[in-house]
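Q: Chains as they are written, first to last, in this note's numbering: chain U, 1 to 91; chain F, 92 to 510; chain P, 511 to 1461.
Hints may contain errors.
Listed below are several chain P residues computed to face chain U (Cβ distance under 8 Å; list not exhaustive) [to be verified]: (1) L554; (2) D752; (3) T755; (4) E1169; (5) E1201; (6) M1355.
If you are wondering where the hints come from, they were derived from the structure by calculation, not from laboratory data.
Keep in mind the model is a prediction, meaning the values are calculated, not measured.
Positions of the beta carbon are idealized from the N, C-alpha and C atoms, including for glycine.
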Amino acid sequence: MRIPCPFCGLRDGVEFSYQGDANRTRPDPVSVDQTVWNDHVFNRVNTRGVHREFWLHNHGCRAHLVVERNTVTHEIVSVALARQFVLERKP
Amino acid sequence: MAEYSAWQLLKHAFTGNTGWKEAWRKPEPKPAYEVVIVGGGGHGLSTAYYLAKEFGIRNVAVVDKGVLGQGNVGRNTQAIRSNYLLPENQHFYELSMDLWEGLSQELNYNVMFSQRGVLNIAHHPAQLDQFARRGNAMRLNGIDAELYTRADVARALPGIDMSPTARFPIHGGFMQKSAGVARHDAVAWGYARAADRLGVDLIENAEVLEFIKDGDRVAGVRTTRGEIRASKVAVAVAGSTSEVMRRAGIDRLPIESHVLQAFVTESLKPVIHTVATYGGGHLYFSQTDKGSILFGGDIDGYNSWAQRGNLPVVEDVMAEMVTLFPGLARVRLLRSWGGIMDMSMDGSPIITAGPLPGMYLNTGWCYGGFKAIPGSGLCFAHTIAKDEPHRLSAPFTLDRFQRAYAIDDKGQGPTPKWH
Amino acid sequence: MMRLSQGGRIDRSKTLHFTFDGKAFTGHPGDTLASALAANGVRLFGRSFKYHRRRGLLGAGIEEPNALVTVIDNGVREPNLPATLVELKDGLIAESQNRWPSLGFDMGAVNQLGAKVFGAGFYYKTFFGPFRSTRVWHFFEHFIRRAAGLGAAGDVPDPARYERINAFCDMLVIGGGGAGLAAALDAAKAGKRVIVCDLAPVFGGRMNWTGETEKRDALLAALDATGNARLLPRTMVWGHYDGNTFAAIENVASHRQSLPGEPRHRHWVIRAGAVVLATGATERPLVFPGNDRPGVMLANSMLRMAAEFGVAPGETFGMFTNNDSAYHAAAALAAFGPRCVLIVDLRRSVSAEMRAIAIRLKAELRTGHAVVGTTGSAGLNGVHVAPVDAECHVTGTEKLFAVHALGMSGGWNPLIGLAAQQGQKPGFDDTLQAFMPPALPAEWRTVGAVAGVGLPAPAPVLMVRPKKPLDKAFIDFQHDVTDTDIDLAHREGFIAVEHLKRYTTLGMATDQGRTSNVAGIARMAELLGKTVGETGTTRFRAPFSGVSLGSIAAERFGHIMPNRLTPMQDWHTANGGDTYAAGLWHRPMAYLKPGETLEQAYVREAKAVRQAAGLVDVSTLGKILVQGPDAAEFLDRVYTNMMSTLPVMKARYGLMLREDGLLFDDGTAWRLAEDEFLVTTTTANAGKVMEHLEFFLDCIWPDLGCVVTSVTDHWGGMALAGPKARDILSTCVTGAAVDNAALPHMGIVHGVIAGVKVMVARLSFSGERAYEIYAPSGHAQRVWDAVMAAGAALGLVPYGLEALGTLRVEKGHVTGAEIDGRTTADDLGLGGMLSKKKPFIGSAMAYREGLVRDGRLQLVGLKSLDGRALNGGAHVVENAAPQEPAESLGHVTAACFSPAVNAYVGLALVRDGRKRIGQNAFLADPLRGIHMPVAIVSPHMIDPDGSRMHG
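Work out the full structure, taking the sequences as your base and the hints as a guide.
A: Structure representation (structure tokens):
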């Protein structure tokens, strides 16, 4: 697998570490609604197909990326910087 | 008289081997069954068998999107053990160990359970202490375990690098002698045939497209071979759990599907006589009766439904193998493959009624499901038949995550790639 | 077989000596082991897997299933090599396999008598006995294991070096035959960087044995002239991974004497832009009784042996075919001298062109006929031929023809493996009777024979069926799969290709089904009344063909993981440090004096720390710089306790939880400035904590003005602890006051030691008055030396991990043994550190039902009551006598001899442990046969009010 890092270019997958499902948004930190927290911490959509996920370029620039990747073909569909993605997602 | 035996082999040999029956029938699906089990792998087939055998429920169908035994039951590294740390896991896997010991006779099918022992190699005094904690816990729960000295390890694994200058010198080990391996395909086929002979319909090439509901209640499945109604629908589809459950309207589960690769060398005369693991990295290996070394390591570490992995793990696993056995460096890798693992959030399985009325779920085996097939089937059948959990599978609920009763043998928390 | 006087690429002017099964032979440079043995008249190369049948050469290349040998190189064994791929070198030692006592007389051949019993999957039906036990199986398994297996591996460590290389190219051409070279030339001319790999020592593929070597040389010269092509001979591309990443193995030196420093093999990882698959095709055998007799070979392999290696099959040969390629091979082979006396063709009619070839060769042509049996004891000397109908049923009487060799051609299989490794399904071409490459991505192309170009159209794949066969007809030669095995699989319902493969082992041999799959699948298709295409094929998997484990391990063979060394590593080993690998780090357990045991050494060291002072290397602790206007806010969110209230130049102990509310890590945060903190982590969790912090900054709170930087390797660290620590520090540090007022517990100062700028924080893991001194890594040894010198007169000793552990156990400080991923802060007596004033990572889930219930394991101290040592991993029980099973109340997490308590003590996690303090219990360690009484005590075994460290 090769992932095009916005900073470092097309790099081998071995340089990155998978950081999980990027479809989740963290609940309000002051909330103690256990159903909401349980869903966030323990549940996953686990898409068969194009899946949005975080990757850390840990042997490169150490930026987190939001990668859309097909979990059946491993094809990388899109890559964005996580910071930018998260800032834009926020209302 | 038993259908399979040495005598029968001789008898059939004299009649040109034309008298053997189909291992299992290829029936047309009936419109309705008492129980439909989705997933014709090890867990689905053993569940069907125990439903018929132990609970008298024979009006059962197992449906599979392909042919039987083509998921993880046919692509694992065959190890069978109960050397877990936590008591819930120990008791649960020991139930399977007990069933394994009589399984060939029970099924009248040689599953080749070979109790050649599973040896975890330790490379540091602290690592040996951790194994001791596990082994003592097992002993106190009535399960066999022993500590191995360096010399014991050298005796058990001739050719292993015992050098004190190795990167991770061998310090000792932890052995469960009753553990071992079984022939994976034989387990699937043995359960399939035994279930078939008890009247269970095994329906291949019937993919579940959606679940039929009566109100809230799941009342059957619509498959590529037509509608099949059932009072109870059980799902045991391992790596495909999330996708199958989505067809029942369940969108999110504590499961991630990951790819695990496995490897086999060309056939060799016997050189490795036990199952063993390398404590300096992540590697497990044994040698099949046909002579191939069967081995594997870590999951690739990302969500995947591809049944194939990537090169870095291949390189890791080969490096670990030859680090332990520098005399095997010129042995050749014959084949690699991948399976989709239903990685749960605490590394332990889920066996439960629900999450919808009329539905039962068996999942979360991570990459240790093969050894659990007998116990899982028995407990899941119990859950389905009696609508209450078996005593030994009672801790493995779906709500344990929210309630903070996780069964986390590795202590890694809700990050599946670390389990 | 015999050596021709001329022809081929062997150098007859030079002689090479080698042995096979201890017997001496000679050959020539350019020979393979197979061709050299054949030239010496050897016909018997091996024994089959199950029936131990006598087997000769079937092929001439990678497809060879029969002639497997073990090559022994300075005692290192390399089993299962096809002799057709072993390039001959002087002094080569090779052995045959899977035979006892000898290849010529093999006791295992007795298995043939039981062949009717030993059909497909027979072992599933027997060997287990009627009674619940695994004993019967264990008994039989013992013998089965010894009988199974091909070659024997050895235990002499391989001294060879292997190497890995990364390569990038615009186009990767896999296969350097005519089609591959032409594609490479086009691309290279257009300025593309091209890599061309070929299995063989010489490029050209078929051109090497079809008389086109001049064309080959012209292509190669033109390619060379472009300057854009890199040609890798003896290189097998074996794996296709995501992102057009290919794994290939180059045989650098195993075919000759290696040069100093040269790797034996090179593991190539090639990232390609475009891919040209030019892997060619291999010929298939025909399935007829006796088709495995030595002397029966693939038709074009027979030609290859003559054209490439100057080895003729014998004075006369016959051909048995279902397609035209055997005619061309016969004609080409006859040009080298041997006479073609017979061509048997399953087809009723053949073209005028083929008839003309037969006439020209003066060969008897039998169309609509089949070879229905073979004769000969040492090797083939004749074939029985009979007429057959369109379904290959024998319809007439047999006639015996004398031939010395028989070439067979059952059609061709394109080598599509690499194109299908990603899981795409190959389709079946009814004209070529072959599985073809699946639909491929746009940047892939297939050229030449793998795309079907130039392949003959054979008759449908059918096996020859006499009414009463004289012998077995083999489909899978190596695994002895015959037509009756396929029939049995069908009868028993193992009809899906995956079931067929697993039940019969069809295609699972070292040739990976290249010679067997199509015939086996075709037989099943026939039984099912389906087409071969409908029946399908099994999934193709890496590797394309066998690759040695050491080659893939490459440089990591013997160097499995990098070593992380602290700046003081050399000092430790020079001063008796007994170092152990812990993760990637190497750390001294203790500094052994001559004659000391480890326990004596660590007890001495721990005692010295409590009485005077000790110095320990703590460079391995994770160190993370947290900077920015929101640094304090960020740390408030990640630590359970408040960090924003920490004054500048003060440190604070902190806990981190996971999101699920369980303990994650502990460490200290040092506030170096309003907007700058240095955070320390445990050694084991350094990487994980860094990723955790980065994750939250990038993915959860990108709005925070804060950055984190790992500085673990930038700072060497040492902890100076003990009542004399301040005295020692004050004599060596300048530029900072270190008295209790200037540097109280948890204070930080900047100073200079031995000319090196250092940071000193007064922190204590040992429970003593203690200082962590951080110096830039490159100067840390200098600082260490200065501190040691300053303490020499005051009794300062270096101490290792064991003493460090002892000091912390006495004090009840926790580490990874207690923060094991299952414990809460409260379990370890640290519940008070969970702030109620603010949310933090894990706060929402930290008080869930299961985390606050009664009966959780809690941290306690243990003290031996009978003077025996506590063992790590022992369990706490109530039963006074050893008993199994017994109820475990918990387990020992750490144990040592405490000089301060003057007893063996430990820490343990015990169910409702805090309520049990003051009670006695027992330690059960059945693994080591120890059962002993212990007292459950407070984990804070010394100085519970902290006066020593605060003083």
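Q: Please write out, lowest number first, the hints stated earlier that are contradicted by the structure.
A: 1
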